[in-house]
Structures are given as structure tokens and as C-alpha cells.
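Colleague: Here the protein sequences come in this chain order: C, E and U.
Sequential numbering from 3 applies to the first sequence in this note's numbering.
Sequential numbering from 3 applies to the second sequence in this note's numbering.
Sequential numbering from 3 applies to the third sequence in this note's numbering.
Hints listed in this document are in silico derivations from the structure and should not be mistaken for laboratory results.
Worth double-checking, as some hints may not be accurate.
Chain copies aren't distinguished; within one or between two, either way the pair holds.
Claimed, not checked - Straight-line Cα separation of at most 20 angstroms, SDA-like style, residue types lysine to any residue; simulated pairs:
1) K108 to K348
2) K343 to G354
3) K340 to R323
4) K343 to T320
5) K327 to E12
6) K202 to E217
7) K348 to H51
8) K340 to G354
9) K295 to E355
10) K297 to G354
11) K59 to A330
12) K327 to Q41
13) K340 to L356
14) K297 to T204
15) K357 to P318
16) K327 to L339
17) K306 to L322
None of the values given here were measured: they were computed from a predicted structure.
Take a look at the letters that make up each chain.
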Amino acid sequence: MSVHIREIVENFPNLVSLVRGDHAHIITDLQEPKSASQQSLIFVGDRHHLQEALESKAQAWVVHKDLVEQVPKSIPHVFVSPNVALTMALVGRRLFPQTIHRQPIKGPAVHPSSHVAMTARLGKDCIVGPGAVVGENCILGNQTVIGANAVLEPGVKVGDRTHIYPLVYIGHGCEVGADCEIHPHTTIGTEGFGYAMDDKFTQHRITHFGRVMIEDSVHIGANVQIDRGTFLDSRIGSGTKIDNHCHFGHNIVIGKNTVITGGMIVAGSVTIGSYCVFGGRTTIAGHLSIPDKTKISGMSGVTKGISKSGDYGGFPLTDLRRALKARAAQRHLPAMLKSLKKIMTKLGMDPGELKDSGAE
Amino acid sequence: MSVHIREIVENFPNLVSLVRGDHAHIITDLQEPKSASQQSLIFVGDRHHLQEALESKAQAWVVHKDLVEQVPKSIPHVFVSPNVALTMALVGRRLFPQTIHRQPIKGPAVHPSSHVAMTARLGKDCIVGPGAVVGENCILGNQTVIGANAVLEPGVKVGDRTHIYPLVYIGHGCEVGADCEIHPHTTIGTEGFGYAMDDKFTQHRITHFGRVMIEDSVHIGANVQIDRGTFLDSRIGSGTKIDNHCHFGHNIVIGKNTVITGGMIVAGSVTIGSYCVFGGRTTIAGHLSIPDKTKISGMSGVTKGISKSGDYGGFPLTDLRRALKARAAQRHLPAMLKSLKKIMTKLGMDPGELKDSGAE
Amino acid sequence: MSVHIREIVENFPNLVSLVRGDHAHIITDLQEPKSASQQSLIFVGDRHHLQEALESKAQAWVVHKDLVEQVPKSIPHVFVSPNVALTMALVGRRLFPQTIHRQPIKGPAVHPSSHVAMTARLGKDCIVGPGAVVGENCILGNQTVIGANAVLEPGVKVGDRTHIYPLVYIGHGCEVGADCEIHPHTTIGTEGFGYAMDDKFTQHRITHFGRVMIEDSVHIGANVQIDRGTFLDSRIGSGTKIDNHCHFGHNIVIGKNTVITGGMIVAGSVTIGSYCVFGGRTTIAGHLSIPDKTKISGMSGVTKGISKSGDYGGFPLTDLRRALKARAAQRHLPAMLKSLKKIMTKLGMDPGELKDSGAE
């Protein structure tokens, strides 16, 4: 694949300006500075990248506006941008698209070995891979991709341009908006972990009548599970991005443009606002509410609802500054214990009290 | 779907009594109070539900016996029950069943695109979905469902009425009892993580001759893994419920009616008793034993065996009361450190000792 | 299956010596002492195993050289070995192989319902299971197994004798070496969790041009995800073993012969050395480096790079001894807090200071 500098100039007038360079110069790939060739385009967003770029073979740079004066005169092709990461994303997506994985086997777009119910309705230019199952009354938008061996139970709706990767499972009646991507081995909309116990301690399944409703432009990573609601629907707002390896219990509601890093576990009936950010391996206990614009650092445990937006962390959760201090203090615990014993002895108190668990 | 009040009265004589109401009244759905219509049936198990119910349109209520006197006279159809959650489960399951996901594509019950070995034996009324694989010498009970694209290796046995969801994997020779549900993307019975190292630090696979044996009425959520045993079988007792996103190493044995919430990780050769309850994201180190009726709170780390039933929590694990106190004390750590420094200065001691890690 | 003692003697001359026994004696299975029959072979690697062996019916033992003098004279067939676990692994693998799961349905080795692209190249004696998808330009080595319903996107390469289990997903262009095993529901090489935000807080996908490159003799468990690199490839070195339920973000690089226990989460752009060992449920934050021969205990959280090989643990991470002391001190926290209050009162200080979070 190759692209002229001209195409970048013409496609992104509001995002980049060409400081200097030849419109006819050919870019063959986007690269990291250290692995770039003379035909690569590299991205210099901060001082660290600048250092790497200075040692790179790349002849074409996209540079953050604050760094542009530090680009050597010897670099022939230089773009300036206020948002280098965004430039990287948009140039990559539009001019160097990766469509190779959209259909693993050549043939008709709806593969003859797929199983599309007679009552299903498919939009224009849909791709349905080998062995994929599209159940009764499913509705697929235009340019939707259903990967090989994925399974859509009856009544599932999938919006335009959404990419359901191979081996995804979507339960009956669930809906996925437009421009979403759902990665392999993700389970959307199985019955939640809801049981009622009788007087012989036997558990009886609670039927889940709700669905999972996913709005537009949502990313759901690989090996994620989102359970359906008991009566109402579980919901994921538009623009929300969920990394791999997350688990969401029944009846969860998540707002818009929230970013959830890998390994989050959310128990049932939790409500999460919009524009939140969660670090990796966060855990949220059931029936809690988290307001818009909340940030929670990785490995935190949320066991109480949060009433006010802000930055939080730790287990138990506190404001982030306090959490970082408490975490840093952990390593002094043995020394603290030792000093306390000394103090108590010095003051004629019984250091044996420290062995007491405090659980009397 | 619609059900007369009469049907509820007749089906559950030992669970509900009709305080007042019209046997011919039609219920169209089970609902949460806030989303109920006049034809819905709602469930009032505690004061919180009662408050919501008072603002609901629902004309038919199931109410816990202790709350029945607080139901307004204006509600025309009122059941009383000693176990509202159980009523919700049983009415839902028996009178409002969700069978829609049992076969995503109309056609013969054993889909022509499934791959059922000639030597496999199927009970009555089995459903085998598109693309599902049922290997040599497998035995399926009556009314068993094998979802689309699921894979059963040779010699697998599945009991009556068990629902294997699409995209499940079950390794050779493993057995699943009757009335189980196994959710998508779950792996039962691959070889465990067992290797022996030679003197060049190369790891050599230890063959796993054991199987995974799952008894009746077991729930296994989505994206769960249960490894087979090295020599003996890994075992899950009847009635045990395992939520999504759990990992069980080789040689594990779990008793009956134990409840395991999402995200548990259990290392190899662990034995867990019956009637235990585990909170979310619990971790259990290898070769430990946990007795019957043990409860462990979420995010705990178990690194030593437990000799006595009880409520536990924390990392390191202690009795639950102590664990909650220790967790609550965490946030005071920075202030404790600061105060200790002051005290030591006041007493003429060297507060520098606190920087010592205690690891001398 | 049955094997003569002679075959063990002949196959492993450098690993075992026959102390006494009959070359014609028949071994029917490898077993744990407690479940062994008279025809079983058991393995006695330490004193605990010896105790069990003394109560076993087994007539054939493999014993560690340091324990051989304690074997009763009544045991007729006794091998001695310097590495009992390795003997168990090699005897099991070579003389009692489990090939039963290599093809769930009898028929041609490349199942007629699999989807192998015309441009794919297959080595000798490959097995491709029912419903498996092998995309355009894929290259499979000799004796490679692609399990039922697995999906290989275009351009994937798989080395000789590697076993891709059913329902695995491998993204376009990724490479897996020889003698690897990849367990079900694992996702190799989907696009990483990389987004760039515009000034309206909308996230835009960053295209991932890198691949995932896996060297020889790598084990990857079930329900694992390894994201592809942004520009460069994510890499897993030869001999590395990764247990079930792990998540690796984009741009990760792992060395050779590293052992990663279940549930590890590694954020993006992390570099891990060779011969490392990670306990279960370890978490590693993004952009860190971990040197060769580092050992990290389970449930640790790594938030800073490690400069020196050694044993580490805890969150925050410290050297292992310190981490264990800090963890043990946790349970004394409530008593420490109580004693501190007493001391402060005694010294005329304000114990209210301890309520202060230290976050001023």
C-alpha cells in the first residue's frame, strides 16, 4: 500500500498542516521511529518520541506543534498537528485500512456454509463468514461483518458497519448499534447469575427477561461477558470502549464514552456514568452507582457508591491522592509494627496488645 | 405470552396463597415495579421493593408475608409468599419460559450441518445446533441441547435436559450431569498447566489422564475454564453454581451446592467443600482445602488451608470481622505513619527507623 | 494401553535405572498411589509421596534417588531417577499418549466441512477439524492440528506438530512456531485497545499494523488474549508457558522459557525477560520492563519497572521477604491503630490526628 503526501494534506485539512515537503513523496507505511524506513511516516508527540525520531531513518514526520521547531532542517517532509495521536489514528484508519481479516475465505459475501435463517434480514454489502449462525428474525445493517463461526441467536439486531469478529456469541433479542467492534470469544446476553434458594438450600434459576442493548461506536474486547438483565435491559452507551477480559453481571448500565481497561469485574445492578475511565483489574461490587467523569485507578476495589465525580483509587476506595499515600505506606508496615512495640515498652505499655487482632 | 392468576394458584400451592384477586385476571409479564404495566406481576420481597411497588402501575403483586398488611386495599390481585425470590424464579421458569435460544435456525432438531459421529448415541428430543461437533462415542441424554458450533470431543457424556450453549468446548471423556447449563466460551477439560523441568530449564508436558466430572444441576458461566486432572478426575458437585470468568486448575474437587461468584481463580489440587459461598474475584492458592459451609468475601486471597467453617475475608485471609477492620484501617496508614514519626521524635527515638523496611 | 517395563528401560536410559524388576512385567497405567492397581506405575518424588506409596497397591515404583533405600523389599519393580517429575512427564507423553482428542470425527484428516482457502498450504499429515477455517495464504507445517471450528485469518503460519485446539482465533498474519499448544477460546492477534481522543472526547481507533509472533514450544492456555502490536509485533519467546485466563495488551514482548500462571494481566508495551516465573493473578502496568530470571509471587501488582533480577511480591511491589512481612503485618493494623491512639493520649497528643487521612 502506498499513499502520497498530497492525500494526507487533502484528507485532513483541519488536523495537519504541511510545514515543508513534496506532495508527490510516497509513504509506504506508518511506523515507530526505530523500525522506520525512508518511506515511512512517523509520529512525534512528545520529547521521548522526538529523541527516538532523531535516530530514525524516517524522512516524513508528523510533529506536535510544540515540538516543530526542534525538527532538524534535514527532515524533508514535516507535518505539524495539534493532536498527533489522533492524526496517527485517522491517517491509519482511512489511508492504510486493514480489511484483510474481513473475510477469511474468498467467495460470496454471505458464505455458503453460514446458517442464515430465512426470516433474517440483511442490509447491503453484509459479510457473513463460514459457519456463522444468524438466527430467526435477526436484522443486520449495511456493511455489517459477522465473522466465521460467530453465533447470533434469534432476534438479534446489528447496526451498520459493525464488525462482529469470529466466534462471538450474542444472545436472543440483544441489540448492537452501528460502528461497533466486538472481538472473538465475547459473550453478550446470556442469562445472569441469578438464583433463588429454597428451604433445602437448592438454588433455582431466575429467568432473565431483559436483553443487552449496545449503542453506537462501542468497542468490546475479546473474552468479555455482559449478562442480560433480569427484567430490564443491560445497557452500554455510545462511544464506550471496553478492553479484553472484562465481566459484567446482570442489569448493568454504562453511560457514553466511558473507557474500561482490561480485566474489570462489575457485579450485578451497577450503574456507571459517562466519560468515566477505569484502570485495569478494577472490581465493582453490586448495586452501586458511579457518577459521570469518575476516574478509578487500576486494581481498585469499589465497595460503596460514589457520590461525586473525581479521581479515586485503592481498596477500600478513597480519593486518589490518599490511595497512593496509603499504598506507599504499606511497605513501612513491618517497621511501624516494630517501632510501635519499642514505644509501648518504653512507655510501660504491653506490646502484646499488638498481637490482638482488634476483632474482640 | 399470558397466564391466568388461576395457573399460578394451581401450580404453586405450597409457595403462594392468593390473598385476594380474580382467578381469570391475565398476567402478561413479570416485571420490576417501575417498568410494570397493569397486566404485569411484580415481586415485593422487602421494604425497598414495597416503596417502588407503591409507585407502580402493577395490579398484581406477590408480597412477602411480613409485608402483606402494608399492601394498599386498592391493589386488586395480591399473593402472599414466604419466599418471594423463589416464587419469582419458579413462576418465571415454569410459566414464562424462554425457549427462544434453544435453536437458532429452524429445521430438524439435529441440524444437518452439525457433525455427529456415527458412534455417538443421542437420547430423545435432543437438539444439536448448526456446526456443533459431537465426537465418537459421545452419549447425550434426553432433551439435551448442544448449541451451535459447540465442540464435544470423543467420549463426552451429557445428562438429560442439560443445556450446552453455543461455542462451548468439552474435552475427551468428560462428563456433565443432568439439568446443567454451561455458557458460551467455556472450556471444560483441557490438559492442565503441568510441566516438568529438565536440567536445561526446558519444560516438558505432563500428560493429564484424569477427566472433568460435573454432577447434576451445575451452572457454569461464560468464559470459564476447568482443567482435567493429572491422574484422578477434577470434580464439581451437584447443585454448585459457578459464575462467569472463573479459572480452575487441574485436580480440583468442589462439593455440592457451593456458589462461586465471578472472577474466581483457583490453582491446582484445591479441594472445596459443599454449601460454600465465594465473593467475586477470590483467589485460592494451590493444594489447599476449604471445608463445607465456608464463606469468603470478595477480592480475598487464600494462601493457607482453612480448618474450620466460618466467614472469612482479606489478603492474608482472616476471619471476616478482622478482615473488615483491617481493610478499614488501610486509609489511616499515612496518618499513622506521620503520628508515629512525631511520637518517636518526642520520645527521643530515631524516626528514621520507619524507613527501614523491616526486611533486615 | 499397556507397556512392558522393558520399554521404559530402553526408552529412557539416561533418566531411569531399574533397581530391580521383571522386564516382562506389564504396566497398564500411570497413577496416583491411592488410586493405583497392581499394574499401575507410581511416582515417588518426596517424603509425602513415599508415605502415600507405602499404602498403595502399586507393584511398580519410580523413586527419587534419595528415597530409594526406603522402598520396602516387597516392591518387586523399582526404578530410580534423579528427576521423578520429568520421568512422569516423558513416560506419559511417549508411552501413554493421548491422541483421542486430535480428531473428534472420523474421516479424512482435513474434514470436508472445514474451510481451507485455495491459497493455503498444508504440510504432511495435517489434521483440520470440522468447521475449522484456514484463511487465504495460511501455511501449516507437518502434523499440525487445527481443531474443530477454530478460525485462522489470512496469512497465519503454524509450525510443525503444533496443536491449535478447537475454537481458537488467530488474527491475520500472526505466526505460531513448532510444537506449540494453544487451548480453546484463546484469541491471538486482534487489534489492541488503542484509541486517540479528539476534542469532543470521541475516541478514534488506532490501526494495529503489528502481528503476534509466537516461537516454538509455547503453551498458551484457554481463554487467553494476546493483542497485536501497533507498529511492531507482539512476541512470545520459545519455551514460554502461559496458563489459562491471561490477558496481554498490545506491543508486549516476552522472552524464552518464562512461566506465567493463571490470571495474569499485562498492560500494553510491557517487556518481560526469559526464565521468569509469575504467580497467579499478577498484574503489570503498561510500558514496564522486567529482567530475565525475575520471580513474582501471586496477586502482586507491578507499577514500576524492575532493574534487577530477584524475587518480588506485593502491591506495591517490593522484594519478596519484605512483601511477605508487610502482608503478614496487615492483620495487626486494627490493633496498631488502637495502640497508637492510647499512646497519643498518654503523651498528651491529639489522637484525632489519626482520623486525618494524610491527604492534606
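Colleague: Hints first: check each against the structure and report whether it holds.
Modeller: Hint check:
1. K108 to K348: neither (83 angstroms within a copy, 81 angstroms between copies)
2. K343 to G354: Both: 8 angstroms inside a chain and 16 angstroms across chains, each within 20 angstroms.
3. K340 to R323: between (27 angstroms within a copy, 16 angstroms between copies)
4. K343 to T320: Result: close neither inside a copy nor across copies, 29 angstroms intra and 22 angstroms inter.
5. K327 to E12: neither (50 angstroms within a copy, 62 angstroms between copies)
6. K202 to E217: between (42 angstroms within a copy, 18 angstroms between copies)
7. K348 to H51: Classified as neither; 57 angstroms inside a copy, 51 angstroms across copies.
8. K340 to G354: Both: 12 angstroms inside a copy, 13 angstroms across copies.
9. K295 to E355: neither (44 angstroms within a copy, 31 angstroms between copies)
10. K297 to G354: neither (42 angstroms within a copy, 30 angstroms between copies)
11. K59 to A330: Neither: 42 angstroms inside a copy, 53 angstroms across copies.
12. K327 to Q41: neither (48 angstroms within a copy, 55 angstroms between copies)
13. K340 to L356: both (10 angstroms within a copy, 9 angstroms between copies)
14. K297 to T204: between (40 angstroms within a copy, 17 angstroms between copies)
15. K357 to P318: between (23 angstroms within a copy, 15 angstroms between copies)
16. K327 to L339: both (18 angstroms within a copy, 10 angstroms between copies)
17. K306 to L322: Classified as both: same-chain Cα gap 15 angstroms, cross-chain 18 angstroms, threshold 20 angstroms.
Going down the numbered hints, you'll see the structure goes against 1, 4, 5, 7, 9, 10, 11, 12, while the others check out.
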